[in-house]
Each structure stands twice: as structure tokens, then as C-alpha cells.
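K.L.:
This is what each chain is made of:
Number of protein chains: 4
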Amino acid sequence: MPRMTPANCVKRKAPPMIPRYSRPDMVAIWSPETKFRIWFEIEAHACDAMADLGVIPRENAEAVWKARDVEFDVARIDEIEAVTKHDVIAFLTHLAEHVGAEEARFVHQGMTSSDVLDTCFNVQLTRAADILIKDLEDLLEALKRRALEHKDTVRIGRSHGIHAEPTTMGLTFARFYAEMDRNLSRMRDARAEIATGAISGAVGTFANIDPRVEEHVCDKLGLVPEPISTQVIPRDRHAAFFATLGVVASSIENIAVEIRHMQRTEVLEGAEFFSMGQKGSSAMPHKKNPVLTENLTGLARMVRSAVIPAMENVALWHERDISHSSVERMIGPDATITLDFALARLTSVVDKMLIFPENMLENMNKFPGLVMSQRVLLALTQAGVSREDAYTYVQRNALKVWEHRTDFKAELLADPDVTAALSPAEIEEKFDLGYHTKHVDTIFARVFGD
Amino acid sequence: MPRMTPANCVKRKAPPMIPRYSRPDMVAIWSPETKFRIWFEIEAHACDAMADLGVIPRENAEAVWKARDVEFDVARIDEIEAVTKHDVIAFLTHLAEHVGAEEARFVHQGMTSSDVLDTCFNVQLTRAADILIKDLEDLLEALKRRALEHKDTVRIGRSHGIHAEPTTMGLTFARFYAEMDRNLSRMRDARAEIATGAISGAVGTFANIDPRVEEHVCDKLGLVPEPISTQVIPRDRHAAFFATLGVVASSIENIAVEIRHMQRTEVLEGAEFFSMGQKGSSAMPHKKNPVLTENLTGLARMVRSAVIPAMENVALWHERDISHSSVERMIGPDATITLDFALARLTSVVDKMLIFPENMLENMNKFPGLVMSQRVLLALTQAGVSREDAYTYVQRNALKVWEHRTDFKAELLADPDVTAALSPAEIEEKFDLGYHTKHVDTIFARVFGD
Amino acid sequence: MPRMTPANCVKRKAPPMIPRYSRPDMVAIWSPETKFRIWFEIEAHACDAMADLGVIPRENAEAVWKARDVEFDVARIDEIEAVTKHDVIAFLTHLAEHVGAEEARFVHQGMTSSDVLDTCFNVQLTRAADILIKDLEDLLEALKRRALEHKDTVRIGRSHGIHAEPTTMGLTFARFYAEMDRNLSRMRDARAEIATGAISGAVGTFANIDPRVEEHVCDKLGLVPEPISTQVIPRDRHAAFFATLGVVASSIENIAVEIRHMQRTEVLEGAEFFSMGQKGSSAMPHKKNPVLTENLTGLARMVRSAVIPAMENVALWHERDISHSSVERMIGPDATITLDFALARLTSVVDKMLIFPENMLENMNKFPGLVMSQRVLLALTQAGVSREDAYTYVQRNALKVWEHRTDFKAELLADPDVTAALSPAEIEEKFDLGYHTKHVDTIFARVFGD
Amino acid sequence: MPRMTPANCVKRKAPPMIPRYSRPDMVAIWSPETKFRIWFEIEAHACDAMADLGVIPRENAEAVWKARDVEFDVARIDEIEAVTKHDVIAFLTHLAEHVGAEEARFVHQGMTSSDVLDTCFNVQLTRAADILIKDLEDLLEALKRRALEHKDTVRIGRSHGIHAEPTTMGLTFARFYAEMDRNLSRMRDARAEIATGAISGAVGTFANIDPRVEEHVCDKLGLVPEPISTQVIPRDRHAAFFATLGVVASSIENIAVEIRHMQRTEVLEGAEFFSMGQKGSSAMPHKKNPVLTENLTGLARMVRSAVIPAMENVALWHERDISHSSVERMIGPDATITLDFALARLTSVVDKMLIFPENMLENMNKFPGLVMSQRVLLALTQAGVSREDAYTYVQRNALKVWEHRTDFKAELLADPDVTAALSPAEIEEKFDLGYHTKHVDTIFARVFGD
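Residue numbers (UniProt numbering), protein chains in the order written: chain A, 1 to 450; chain B, 1 to 450; chain C, 1 to 450; chain D, 1 to 450.
One thing to keep in mind: the hints can contain errors.
It does not matter which identical chain is used: a pair holds within one copy or between any two.
Unchecked claim - Computed list of lysine-lysine pairs in PhoX-like fashion (alpha-carbon distance at most 20 Å, straight line):
(1) K366 - K400
(2) K287 - K366
(3) K287 - K144
(4) K352 - K409
(5) K287 - K409
(6) K220 - K366
(7) K134 - K144
(8) K85 - K287
(9) K352 - K438
(10) K134 - K352
(11) K134 - K220
Simulated from the structure, these hints should not be mistaken for laboratory data.
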């Protein structure tokens, strides 16, 4: 029978390192060093408040700040924790090594570990949100630039993967902009949701600590005091936070799938950046794979996978159970680091992606003129042709185009039934691309403002 | 080999009936009658706008309103759809039967089916949100009433299911109030997210219809025009909407689990309402089961199950594919109807639930006075006893209580080491419940305002 | 404050009707009539076993079978339930109306409601599994037929949506066959998992009923006795069952996505069946949408959405709580009905789908011969050309094809560096499609047997 | 605008380290060293097979084995990959540094990267499965031992958290045994599902490599050749694998929740191991928290969170896209490492958990004798008392017990209506615990065999 011993079992208390798809600023938020630094600030500010309230001596509060510039020694804290079996006590012990045991003796007075842990976690999530907000702003900038650049680049709009009516590449970028702008707004709401702190004691009654300590600490850390906490900050806030990350990730997938479709060999209307000059890849220019956006598709699944566990975390038993903790040790770093990486990668892809307008026109004309068949059908009925007859006229010409790739307009012009109803000029007009792009400016004004 | 025939296969186009856990007002939103009524309004308002723009004759627009008071015949529309194989065309055909074929000939001009379907779906979700908002307001009222009623009803706070420090039942209700108040705010945001409409044509370019038609229709239906749509309204909105429902559901589970715990035979601090006078159930008064809150626990899982499919719906191909549709036909009604039912059931449970204050005191004193051991420990160290000695003193007395259920205070008063450090009055003071409840008013003021 | 009253709240006890995407045989399994019929059989067989054991009189057991051919009156049972507030009691009361109150008085003796409900649910799931197994067998037949039909129909294989090397359409069907054959095997395992029954009393101790009653009932219903139950059959079985449905659904999505890709306007290598002769759709032959497979994509999401709730159902409190029940009332019918419908729809799509071999060749030659560039590169290095030089030779010719759509083979034959290393015949051989299809028979033998 | 540069972006190609909740043997499976070792074996065995087939020279195949005992230098391979931007090429380059460039020149001939990557991944998952199978066997051993130990330890069975009828602690362990035994069987199936390999080339046609190479490599690695692969091994296998992990995790949660309930202050029928002698924790003996099982509850959520992404991975585009890859880089290690840790932790908890039989009896008698009220009710009606009267008699005595905690049996014996129907001996007999435990041996025989 196996036994759980230090030798065969590692429970990592320090925040996890996730060196897969990550960027250093976000990773740094989840480092043990950052965590201990935040713990320090919580404790030090709490001491200040307690000194203000006359609960502890002023000099003891001031003494704590001697550790202001200390980079806490993670290995040393781990060492102490191996003995104390308690992460916060280990930290406090180490802090006392810097501050002096005597001077430090009022640190953490009346507080419970969760006061530190939960407030710290929300500081980390708030900082993570700040990075994600910046990521979204960067992405929006790239999307806007590409939207303006390709405002009038005509391509076929597709429903069901099938050619429908013309649209423009700029509208595609613009709708991604609008979607990500909504995500920016959601992310800001999510940040506000999570920017709370609690210093309220073992069951949230402030029995051993004055509520004004909480107010002071939160104020200093840029947080709002949690109006009512138990031992913990209520987890509906975190559920809403991670749900928002899941929505943002789904939008990333949306853009990624569009680009993957554009890069298909048969479509080739766009591609992740590559340089023809490069050796290697260019030996097989047709074999340039959209691996970045495929990767983003997978990363979106992973960010989404945090949503349900975060929701399952809401129903804690009574004033708290600790089932949420292992979940958050994983999804806290994993979901934010992955989403940060994904947003930055997407920004880079959007920023540099290749657009092939000629191919767009070629695709649109795969069955020359056929995408205009609906307009012609409508024009015929409006010109007084019965619905049945109009169908028949359009159908017989459309089938020629479908089967022989002849030109639909030429076929129509050669069909006496059609020309009996519509003049050549009228037929010609139905093939005007400007008809489809006439409101692009209106839409751009809606999305980007005037 | 089986063949899909009308005989062995029913694809129900009409909104589903879900007669499981449902309430009629929410069910009505998803009825075919409601849907056709909304379709009618969209088409009729669109005609008005087109008449205003001079695109269609005024009299044709006015003629459509002849059907203003018609209750559309769902069976007849189904009959037509069996021929046309297209739900919107079937409806339009039926509408023409009321309006007159000639008068109706401009109805839907320049529009695409999705203009009607998507705008209608958002009207339905918006109305569903209105009911859910009302549900939350009702729940908040019940929670507030119970919170005030039990503001000072002392019970033991528990972390990990283990007795920690005293709190009050009112604080429990108050934190549920605060949580549901956040949910109310989230639900209002979700409503705003989803209250958009689109009348923008086959790929969202307004090629065949003026944007002012969209503006007019949205205005009349209480919606905001979607700034940029494709053939469809972007699905990140819906993902955010259903994610919010999932958060609300998780909070329902949170309250449900608390009540289920309270009603456990060994705890019995509260219970779903039952009357002792009733025949039957009262034959076994100990066997009153928290079936309503257990049911809510399950319903929460179901509402949450809509979240991931809604997020998977975001990444549609190009200007739309229809993969989202079957998902939404199910989760649209299912998630809103279930959540409405769950909120109403929870309100009823909260409103009527039995609270047993005597049992709360009895539970708190299962090991008499032992929940105060931490305060005593702190007091001893503050009185100058070393940490080791303080532990020893507390431990030896606590173990007596643990093993023999004697009274902790009495044991302390009889321990000369303890009384050497603390006076009887000081010891007595550590067992004062008022110490733990002194900030309840502060917290209530934070939650409910002054 | 709203109150839950019969007027404003409907808790449907009868199995739900889900008339969305459904087929009648599967729907019938979940009808109230079927449920009551199964309940009857459980009770009647239990009486037989109790009579065999001498626990109840033989004539009472025999009397129960008077209801053998009764179609139970659902409305009447609902009426009784409105009074008794208990579904099983309502049924037993109604049963007694058929059997006679005196004769029926030993029915259900020593049993608990869950004995009936859980055993019935597993009978329903087992029957649902039988239909799904048949569905899979039908699908396999269609896939095999299409695989054999298109064993040698060459198309380009694609990785990342980009042309890679040639393969055949038959291999595509064959791999779907192999995947669905694994699903058939999983489905059979899932059926075995769920084909258990329990008649073990209030907490599973058989205190009031002999285990031999359980054995007899299970034997008659084609079930295996659950080795150890509590009040309920353990829910890990159901979690495994619904997880299997989720895997099958994901495979449906896999095939659906392939077909959707094939039908894209630019690809057009296949399509869901449509007839050119049809009026209407053929007016715009280019606008035939893969709506069935898009629908399947959405349905797959819905079947998958049952997996997590089913897993959350496993951790019931002690000997049971009833949180699983509302979940199962929904996912039981929903997931099986939807999957049955989806499998049948997929079979129909596969059976009738159009395959366009000419377009496959045309697509493969979009950049004429370029898909063979890797073979040429390899051949050059094998002929002693350095890796750098080989790259250069291939690259300069490939770029011409990429840019001007000239023929790659012709370019190579005109390149003296290439022809210095490879003879014309050798070059020619690199473009032989047979090279790529030479092991198709081997693979078919693996998949379909010899 | 941020740019993705080596400086600000780390895409870790090497298998991730997840030092959270982990054990070294499982972590080792996912180390870069293990991965490269498996890659080496795949390549070396493939060379052997190719030499056997006469495709490459025997001496080159033999030369590869010079690296048999090499521990591959991960840093060096990373260094090469920084240049080549391709993990497999980097490895092959490094391998050539050991084998000699000339000798190594046939390594990987005709193979595609996925042949190596996918086969390696399945080797890793198979080995992970082996550990998980061993974990389950260890857990079963602990559960069986505790079941036998407490076969006759009577405790109250609970439905809805409410006292129902007596059962035994041994039955609780026995049902967990049966559940985990089913999981063992599922895990073995999952292992068989995933133990396949593929060496089939760019699109799975074996165009450039003989199928016998695949057979040889698989044979040597303990795998079965994948009957039909594309560029990748089909992902329904992986979906089924991770779904199984999700079911196992849900069963862990089931046991964890039971133990958490047992340890509640008010219940206290069992507890995670702690020693009263310990300093610290024993100062507050009532405050021993079930943190290990709470942790397991959270870990179960995390393992389950891999299920949906794994299912979303099934629908790859055509012969493969790489969206699955980032998902698997995370869930491969995360889910298996977490589940391994959780199983081992659970085994330790079960093995050492404290059981408090006296408290079980005390709890059962919270309302003395009341749990027998249903038996008494039944006995009264069987003795000829009408159902109404029987209810009345039981109810009036039960209410006394409920309100005053008197003894139910004593109340009954003092009630003349009751004693008119039942003799004292008959009443006495209804309180015999043996009535409830008489079939425990039968159930144990079913679960553990005779």
C-alpha cells in the first residue's frame, strides 16, 4: 500500500509555474515572489490601520515596513513551511526574521489566513485583468487598422460555407473589432467584480478585527471592501470572472476559425504571415499551415474548461470549505496565462496576416456572376414576371454557369425571356458590386464612431 | 437502412414545450404563438419603415396591420411549412391569408430569414431576462426579510463543516442577499447584452434594405440595432447571456446546499417548510426531506450545462453557419424556463423555511464552550503566557470537553495555570457571544444600506 | 411575493415530451405509458418472487397480472398524484383500481419507491441503448457501402486545411467506419454498464425484502442485479453511460464537419443530397447549404452537454440525495432522443450524399502537380543532390506554379539542374497517383476484414 | 503594439512540469527526457523494420542503437529547436550528433512528425493508465480492508441527509469498493483504447513507408497498430480516455463527500487521520478539518474539466488540424497527474481514517428509536390496524420523541392502542438492529466474492 510521504508526494504550495503557452508578465503575477510581496503589503497595511485605531503600538506597525524592499526568500519560506505545515504561518515566521520577532509580534493579529489568501488572490486576478484589458486594447488597435486598410476589399460573404452575397474584408475585421470591444467591456466589468478584499476574520464577523482595517488595506491595494464575507470572499465573483474569460476565449476561436478558413488551399484569401523568401517553408509554398490559429482554437477550449469548475466552486459548505482552493491554484494561473498568451498571439496574427484580394475576386467568380442570381430573380419579379417564370429563367441560366462555368450575365443577356423583362442596362446594374458595399461607411461609423 | 421520413422523424420547428420544471409565463415566451406574434411585429414595423422611406406603398404597410389582433394559427402554418419546407416562408404565406396576397406582397422585402429569426430570439431572451430580473427581485425581498428577522439569531459559523466561531443566521441570509444582488446586476447587464436586433440582409451589408428599417424595428421592439451583424447577430452576446444564467444557477446551488445542510438530522437548524399538523409526513417527523433544495441543486447543474454549448456557438463559419440553431432551440427555452422555476422555488423555500434557534444553540454547545478555545488561547498569550504553555493549558482542558462533554469554561476556571494568567471575569468575558455579533449592524448597513 | 401554486407552477412528473429533434421509437421509451408499463412489470414480477418465497399469497401475486394488458391511464394517475403528492403511490393506487384493492394489498411490500424508479430508469436507458446500437449498425452499413464505392476515388489529403498528399474518398469513409465501429463497441459496453436493477429497500440492506426478489425481477427484465445499492443504483454507471453518448456525439460532429468542408463552394467535393430537378433550390444551384450536417454539429454540442451534469450526479450524499433526479428527468430523454435523431440523420446524409470526383481532381490540381513537391524533393536528395540544392531546385519551380499556376512537372522537366539528377521517367514516376493508393487494400482489410 | 518575440513569449515545446498536486512517477512520464526516449525507440525500431524490409541498410539501423543508453540533452535539443523551429527535426539533429550524421541519414525516412508524436503520446497515456490502474488496485485494497473491518459497525443510513434505516459502515466501504472496481474495469478499457500507434505517413496512406514498419514499432512498444489513421491517430480514442478519467474523478468526489459529511462537528462518525497527541491541532480537537477530502473534491472538478476539451478535439479538419495539440499538452499531464495524486491521497485517507462507532450509535439515537417508526407503522397495519389509525398511533408517539427526545419504544409500550395490536415482544422485535444487518453477508459475497 503506498503511503503519502514527502518523498513520493509533492504538494506545491507555491504558485504554479506553467511554462507552456505563457508570457512573462502574466507568469510573474503568479510567482511565489509576487504572492509573498502581496501578503507583505496586506499585513503591513493592516498593521498601520491597527496602529491608527490604537490596537497595536505605532512602532510595531512601522517596524514591519523595514521589510519594504525585501525580496522574500521562497526557498526559506518553503523550508519553514515544511515544519509548520502552514503557508501563512511560514511566511509570517520568515517576515519576523526580517522585522525582528519582538517588533513583528502584532503582525496578523486578529486575522485569519483566508484574509490574506483571498485578498491576495483577488489582487492577482485584478492585475491579471489589467494585462488582459491591455491585451484586448492592443488587439482592437490591430483589428481597427486592418479593418480600415481593407474597408473596400471586396470578398464574397458566405453562409453555411456557401457563397451568398458580396461583403468586404474590412467588414470582417470590423465585426471582430466590435466583438472584441464588447469583450473589453466585459473584461472591465469582470475586473470590477473581482477587485474586492476581505479582512473579516474566521467567519466574517470582524469579531477579532475592526472593519476599518479591511477598509484601509483595501484602499491601499486598490480594492473595494467585500460588503459581506464569511471566511472567504464569495465565489460567485470568481465564477463570473472565469465565465468572462471563457467568452473572450470563444471570440478568439471565432477569429481563429475565420483565418483558418481563409488559409485553406482552395480558398486562400488570407494567411498567417510568412515570407516567400524564407528557406524551407517556401520550398512548398502551398504548404503554409495556419498553425497559430489552430493553436488558438485549442487554447480557447482550455480557457473555457475553467468555467464549469469555477461555477462548481460557488457552493461552498457553510462559511467555507476548501474545495475551491485546488481548483483556483490551477485555473487562476492557467486560464489567465493562457488567455494572455492567446490574445497576444492573435494580435500578432491579425497585425501581420496576409490578405489576398485577387484570390477573393477569383473565388467570388468561381461560378461567374452566379452570386448575383438572387438579385436577378428579384428584379424579374419586380419587373412583372411571375414567380414561377422568374425561377425558370434564372434556373436555366444558372445551371449553365454551374455546369460549364460560363458567365451568368452573358447567359442572361442572351436569353430573350430575360431581356424581354429587363433591359441590358438593368441586367448590367444587377452585377454592380457597389450595390453591396454602399452601406459600408454607415456600418464603420457605427463600429468605430465617425 | 432507415430513411428519414415524415412518419419516423419529427423535426419540430415550433418552439419546444418543456413541461418539466416550468412556470407558465416563461413557457409562454417560447410558445409558437408568441414567436409568430413577434415575427408579425418585426415584419409590420419593417413595412412601416419602408413606407416612410418610400420604398413600398403606404397602403401596403398599413394593410399588414389588419393582422394586428390575429392569433396566428400554428397548425395552419405547420401545414404550409410541410410544403414549403421553410418556416419563415410558411409564416409569410399564412400572413398573406389574413392580409390579402396583393396587399402583403411587399412584406419581408429585402430581408433575410435570419433578420426575423435572430431579432425574434433576442426579443424572447430579453423578455425572459425581464422575468428572471423580477424573480431575483422577489428572491431578494424574501432574503432581506429573513435576514432582518434573524439578524441576531446566533448560530455557529463553520469552516470545513467544522465549528469555528459564532455568527448569526441573519448574516447567512444577508450574504445570500448580497450574492443575489450581484446576480441581479449581472442579469441586468445580460439583458442589455442581448437586447439587440438586426435587419441587415443576407450577409449584413444592408444591400437590399436600408439601415433605417433596422433602426425603426428595433426602436419599436425595445431593442438596440446591432452595430454590425453578418447574416446573424454575433453569438458572443448569447454566450455572455447564458454564462450569466450559469452564475445565477450556481448561486442557487449555494443557498440550496446551505439549507440541505441545515436540515440534516444531526444539524436541524432549519428546514424547508412543513406543518407538523399534516397527516402522513408527520408520522415520521424526523423524516422530512429537503427535496426542494435537492431538486434546486440538480436544476443548477442543468442551467450550467447550457454554458459550454453557448460558448461553442460563438465560432460560426464566415458570415454564419446554422450549427448554433439546434443548440439555441434547446437551451433558449430550457435554461430560462429552468432558471425561472428554480428562482421561484428558491424564493418560496426561503420565504417559508423553518428556523430552529434552539437547535442552533444546542449545536454550538455540542462540546460546551469549546468554540471559544481560540479566544482563550489568544487571551493567554496576550496575558504573557508563552505560546507553548498557552497551547498546553488550552489543550488539556479542551480534551476533557472533547472526551467527556464537560463545560470548557468550568474546566478553565478550575485550572490554576489558567486562572494565574486570567481572572475569572476575564475568562467569563471570553465566552460572551456579543463579542462575535458586535459588527452585525455594520455589515447589515453595508449590505442593505443604512 | 409569488407563491408556488398549482396554478402558476407545473412540475411535470410524467416523462417529458421533447418534440424537437426526435424519432418516435426513442420518444416512446420516455412516455408515461412506457414508464407505467415498466413499473407494472417490476411490481408484478416482484409479487411472483415474493409468492415463490412464501412471503405473500400466490393468489395475490397472480391477481396482479390481471392488469397485464392494461394501458394505464396517465391522466387518472396524474389525478391521484395531485392528491397523494407521490408518483409511485399514485400508480399503485391506480393499479389497485384494476387489480382490486384486496388483491393488490401486497403489491410493493417491503419495497421503496427508488427500487421501482431506478430499475425503471435503467430499463429505459437499456432500451435506449438498444436503439442507439441499432442506429450505429445502420450507420456502419452506410459508411461501409460508401467506402467500398469510393475506395479508389482519389482526392487530396489535407492537414491544417492545406493540401498534403493524395488519399481516397474511400479511406475517409473507412476511417469514419472504424471510428463508429469503436463507438458501437463503447455503446455496447455502456449498455452493459447500465443494465442493472435494484430491489433492495430504503438504504439497500434488503431489510424488508429478500434479495431473491431482486434477482427474479432483474432476470425477467433482462437486467443484472446491482451487486450493492443504497437507496439508489450508484450513479457512476450513469456517468459512464452519458460520457459514452458524448463520445459518440463528438464522432458525429467529426463526420459532419468533414461533409460541411466538402460542400464549401470553393471545395465542392461532396454535398448533402439534393436534386437538380427540384424547383426552387436549383434556381441557385451554388446555394445548396449543408444544413443537415450543420444541425448535427449543434446536436453534438447538446448531447455532450449532458456529460458534466451526469458526472456531477455521482457524488450523492450518504445513501442518496435526490439532486440527480431533475438532471436525469432532462438528460435521460434529451440526450438519448437527440443522439438517436442525430445518428439516423447522419446515416441518411452519408447514404445519399453526393460525391464529386471531378472536383476532387480539379482541387488537387489547383496548383498543378505541386502536391508532389515533397516526393520530388526527397527523390532529388536520394539521387545525391545536397539538401540545400534540392530545396533550391524545388523552390524555384514551385514558386512558378504557385504564382502562375503552370504545371510543376513541366517546370521540372525544363529545369536542367533537376534533369541532371533525375531522368524524365523518374520525374514522371513521382507524379503517379498509384504511389499513394497502393496500400488502400491493406487498410481496407484492416478495417473491414478480408 | 506588442510583438511576439522570444523575449516576451515562451512557447514551451518540452512537456510541461506541473508541480502542484503531483507524484514523481507520473510526472516522470511527462518529462522531456521520457518523451525523447520514446521518440528514440520509435525511430530505432522503425529503422530495424526498414532494414528487415531491405529499405535501408542494416548497418544504419544498427548504428541508431548506439544511442541506446544516451540520456538525451534537453537543453541541447531546445537549442537546436530555437533554430529549426521544429521539435522532431531538432531531436533528429541531436540524435545524429550521437549516432553520426552519415549513419543517421535514414532515420525517420518516409515518416511524418505525427507518426512520432502521436505514437509517443499514446505510449505516455498507456503508461499513465498503468499507474492509474495500480492506484485503483491500491485503493481497492484499502477499501476492502476497511469494509471487512467495519462490516458489522452499525450506523444510520441516510437519504436526503435525513436518518432513514440502519446500515453498516462496512456496506459504505463495500459500495465504494464496488464503484472503484467498476472504475478499474473502465480504466483497463481506457488503456486498451489508447494503446495504439501509427506510422502511416503524411495522410495515413503509407505512401512512403511500409505498413510492416508500423506493425514492428507497435509490437516493440506494446501497442496495437491503429487500423486506419490519417496524419494522426483518431481522437475519439482520447475523448473516451479522458471521459473515463472524469468518471473516476467523480467517484473520488463521491467518497470524499461522504468522509467530509462524516467529519462534520455534528456528525463526527469518522475523520481524516489525526493524532490527539500532536501539538497544535489538538489544542482545538473540535477543529480538525477534512482538508484532504475537500482538496479531493476540488481535484475531481479539475480532472473532469479535461473531458469536454478532449471531446471538442475529436472533430479535426480533414486529415488533421493541430487544434488538439495545445489541449493535449495541457490535459495529458494535468489530468493524469492530478488523478494519480488524487487516487493516492484518497487511498491514504481511506487507509488511515478514523471511525467513531460510538458516535454512530449516538447519532442514530438522536431521536431515540424513531428511525424504527416505519417498521412499527408497517407492523401495526399488518396486525390489522387501519392505515389511518396506525398513522395516528405512530404519529402521536413519534411527536413526543421528536419534541422531548424520549424513547420511542417506551412510548409505544405505554400506549394502549399500540399494545392492543402488538405484544411487548413484538414491539421489542421491531427495534432489533439485526433485522437490518441480516443480509450484509450476502451483499459482501456479491461484492468481494465468497
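K.L.:
When no copy is specified for K287 and K409, does a C-alpha distance of 20 Å or less occur within a copy, between copies, both, or neither?
P.N.:
between (36 Å within a copy, 17 Å between copies)
K.L.:
Up to 20 Å between alpha-carbons, please classify K134 paired with K352: within, between, both or neither.
P.N.:
Classified as within: same-chain Cα gap 19 Å, cross-chain 48 Å, threshold 20 Å.
K.L.:
Is the C-alpha distance from K287 to K366 at most 20 Å within one copy, between copies, in both cases, or in neither?
P.N.:
between (22 Å within a copy, 13 Å between copies)
K.L.:
Measure nothing new, just compare the shortest in-copy and cross-copy C-alpha distances for K134 and K220 to 20 Å and report within, between, both or neither.
P.N.:
neither (23 Å within a copy, 37 Å between copies)
K.L.:
Checking K220 and K366: alpha-carbon separation at most 20 Å within a copy, between copies, both or neither?
P.N.:
Classified as neither: same-chain Cα gap 63 Å, cross-chain 42 Å, threshold 20 Å.
K.L.:
With 20 Å as the alpha-carbon cut-off, assign the pair K366 and K400 to within, between, both or neither.
P.N.:
within (13 Å within a copy, 22 Å between copies)
K.L.:
From the Cα coordinates, with 20 Å as the cut-off, is the pair K352 and K438 best called within, between, both, or neither?
P.N.:
neither (28 Å within a copy, 42 Å between copies)
K.L.:
Taking 20 Å as the upper bound on the Cα-Cα distance, should K287 and K144 be classified as within, between, both, or neither?
P.N.:
Neither: 29 Å inside a chain and 32 Å across chains, both beyond 20 Å.
K.L.:
If the cutoff is 20 Å on CA atoms, where do K352 and K409 land: within, between, both or neither? Let me know, please.
P.N.:
Result: close neither inside a copy nor across copies, 37 Å intra and 33 Å inter.
K.L.:
As a check of your reading, is K134 near K144 (CA-CA no more than 20 Å) within one copy, between copies, both or neither?
P.N.:
within (15 Å within a copy, 39 Å between copies)
K.L.:
Is it within, between, both or neither when you check K85 against K287 at 20 Å Cα-Cα?
P.N.:
Close across copies (16 Å), not inside one copy (55 Å); limit 20 Å.
Consistency with the previously given hints fails for numbers 3, 4, 6, 9, 11, ordered from lowest to highest.
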